[in-house]
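*Asks:* Residue strings, one per chain:
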Amino acid sequence: MIERKNARLLALACMLIFISTIAVLMARQFNLGPTRPVPAYRAFGPADAPVQIYEYTDFACPACRHAAGKIDEMLKVFGGGLRVNFKHYPLANIHPWSLHAAAYADCAGEQGKFKEYAGLLFAGQEKWGLAKDKPKEFEEYARQLKLDWPKMLVCSNDAETLKRIKLDMAEGDVKGVNATPTFFINGKRAVGAAQLIDQAMKFDNVLRSAAKP
Amino acid sequence: MNEKLTAKELAGLLARLALGGVFIYSGVIKALAPAEEFAYAIESYRLLPANLALWSAYIFPWVELYAGLLLAAGIFTRFSALFNGLLLVFFEFMLAQAWLRGLPITSCGCFGNGGSNSITHEFIQNIGLFVLAWLAFSYGGRCSADRLVGASAVEAAQPPVGAA
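Line order of the protein sequences matches chains A and B.
First residue of the first sequence: 6, per the numbering used here; consecutive thereafter.
First residue of the second sequence: -9, per the numbering used here; consecutive thereafter.
EDC-like cross-link-like pairs, simulated, lysine to aspartate or glutamate; straight-line CA separation at most 20 Å: (1) K207(A) x E78(A); (2) K171(A) x E26(B); (3) K75(A) x D209(A); (4) K118(A) x E142(A); (5) K171(A) x E33(B); (6) K151(A) x E121(A); (7) K171(A) x E115(A); (8) K168(A) x E33(B); (9) K120(A) x D153(A); (10) K168(A) x E26(B); (11) K141(A) x E131(A); (12) K193(A) x D178(A).
No lab work stands behind these hints, which were simulated from the structure alone.
Build out the structure end to end from the sequences listed, making use of the hints.
*Replies:* Shown next as structure tokens:
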């Protein structure tokens, strides 16, 4: 009788373990997990905006450059109703300098010029994106924006900077990001600028009412 | 089966559900976040090398989740309560050695990235949880799967009424 009881309990335990594993894996897939906050310099728009976009981007990816333009337009049109949170997702296997670009952009952000530096990185991505040696553009852009380059160099090698970027990437992996740019608009996934606009249209009423003065 | 629930049994039941709930929450919140995040917290205790910290971060959230589930459901209740208690002892050891070595722990990794208390606070909190584990071990048998399955096994073992 004890053997029968233990066998039943064991079966029950296996069933619970199986169901909970599936539930957690599905929750991951449906993006139900918490999202790490981004540093203030990587967030644009009011914190309490009704529409929150999390954008996973690679500075060397042409589709990301295109999407960045669309995001800027959306921020202008729906300013008050929209907050864009920028997350790094450098595809280092195909873009050898993406991780460096992400680190320099964050370091520019610490000097108050993330958006400007990111703009220059996107605009010049064809020059530095596939360079064989370390691109000189990173320094050029910093000097152009009057940033403290030696400080940026130190910052880009800092363990905290790299940790922040790697955590963004790991979070993207957990959320099933495998292409850039991937957006989560109030939790709904969109890949590429066309899907972003398509998804954003679903929040059109919210965005327009929040944008009204 | 319909015996009156004593105060001790009620305390045991509540302790079992509370401690199970804490472990389920802690496991789920970490399993939903990137393992690297928890791995950084483990690394900050400076007991494991980076690659082992990452493997621990992959495995540990699931262990916590399963341990919490089995305890809350009352499956092998005493063993589950003991196992959860041992996990708490392990956490206390980790916190104590970090405190004694003066390690700069910014996130204890106890409940993922969602805020972290001081090491002292977590240490005291774990003592409270350990008391729950003891209550669950000693008096946590009521309304448990152990009892329900045990009762049905007894019924199944008895010959049907009127059988020759």
